[in-house]
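K.L.:
Residue strings, one per chain:
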Amino acid sequence: MTESVLAALSGLGQGLAFLFTQGLPNVVMLIVGGVLLYLGVKKEVEPLLLVPIGFGCVLVNIPLGDLMEQGGLLRTFYDMGIANELFPLLIFVGIGAMTDFGPLLENPKILLLGAAGQFGIFFTLLIALALGFPELEAVSIAIIGACDGPTAIYVTSQYAPQLLGAVSVAAYSYMSLVPIIQPPIMRVLTTPKERVVKMGAVKRTVSSRTRLLFPIVVTFVTGLIAPKGLPLMGTIMLGNFMRECGVVSRLTKASENEIANIVTLFLGLAIGGTMEGHAFLKPQTLAIFALGFVAICMDTVAGVLFGKLMCALTGGKVNPLIGSAGISAYPMAARVVQVQGQRYDKKNYLLMHAMGANTGGQIGSVMAAAVMLSCLKGMGLI
Amino acid sequence: MIVGMGGTLVTLWILSLVMNLLKKVFPLSEKEGSSKAAASQGGGR
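If you're matching them up, the sequences are chains A and B in order.
Residue 46 in our numbering sits at position 46 of the first sequence, with consecutive numbering throughout.
Residue 400 in our numbering sits at position 18 of the second sequence, with consecutive numbering throughout.
Check the hints yourself; a few may be wrong.
[Unchecked claim] Ranges between beta-carbon positions, derived for each pair: (1) Val28/A - Phe408/B: 50 to 60 angstroms; (2) Leu281/A - Val407/B: 53 to 63 angstroms; (3) Lys406/B - Val247/A: 22 to 32 angstroms.
Source of the hints: derived by calculation from the structure; they are not laboratory data.
Yeah, the Cβ is synthetic: ideal placement off N, Cα and C, and Gly gets one too.
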């Protein structure tokens, strides 16, 4: 009887014993989880993602909870929607339903800024390969430069699932830091004269038929060029088609609200679940964060430089600052442009032009991932 | 890097051409234009 009671009591303290004997990485990650929760709740840094990720991180690092073992709660979420790439794609339907491509359609050449804003992906890919990361891991790290959480998760979960936690947290952290990272680069690369270039009001010249056909045509064209990216582009354009056709408002609202919210919760928890201390705390995690930072800086550099080129080619009709919005952090990057533009001329309204570049960046980031995956397929690496 | 960045740039350039083509084939009708203008000026109420 006494032996049974003692055995039962010993079972109660196993977690604590583990934490003190071999749980130092877990303790560190419990602190990291706490920091993520603090950033999400107190500083409101991407709270919708960082709160579930932080809580998932805390849950998985409490020893012997087995939440990421087969049948565990977090493993179930992971298998439900990350291992099979479902969650990021469902989020893309919601993003498509929320996005107004109108400003981009008014001025289609701005889409090229969305291409320039992906330079960081390919630049970082080279550096990651030079540092000795295997090809598929290098691709997953480089995709942080897409500045697009779902794209980063989609690619990483397929080709380097062991890096999912680090890549996702880096991607979302840097996205939220866009207002801090971009302005110094924008200032350094532009002259005072370029910063005050006025672009005029965006004229309304797009018919509803064009807006309706746009998602179908984009899906078709990009699907034919880079078929491996079709799930990404197809889902974002499905959401946008539902928005523009106007006859499935219930589905549109569900996509941008209920479905996106539920999926975000499960996705965040499952990503947090990949941040178990013994697996996460490695030198390569620091390298991933450093490379992600390089990627986003180079996106901004290339975007602004391309903006300068467009400014020169159009005889000063394009403000180079909008080039920095050619990334996928929507609408944050566009707001940064507006704030920076008004800093030098209070009567300069760049927001709608920057929104065009920013939605171009959304398409550009998906396209860059699609091109990269199709190239890898062509090279026989996937 | 060249194929990836070049491929992205060329694809988006093609898309911008397609978007221009769509705008030319399906221009804003006068009726649609006037209703949009009215909406943007807060008209119709």
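K.L.:
Now, for every hint given, state plainly whether the structure supports it.
P.N.:
Cross-check of the supplied hints:
Distance hint for valine 28/A and phenylalanine 408/B: a CB-CB separation of about 58 angstroms, consistent with the stated range 50 to 60 angstroms. Range check, leucine 281/A to valine 407/B: about 57 angstroms between beta-carbon atoms, so the 53 to 63 angstroms window is met. Taking the beta carbon of each, lysine 406/B and valine 247/A are about 26 angstroms apart, inside 22 to 32 angstroms as hinted.
Of the hints listed earlier, there is not a single one the structure fails to meet.
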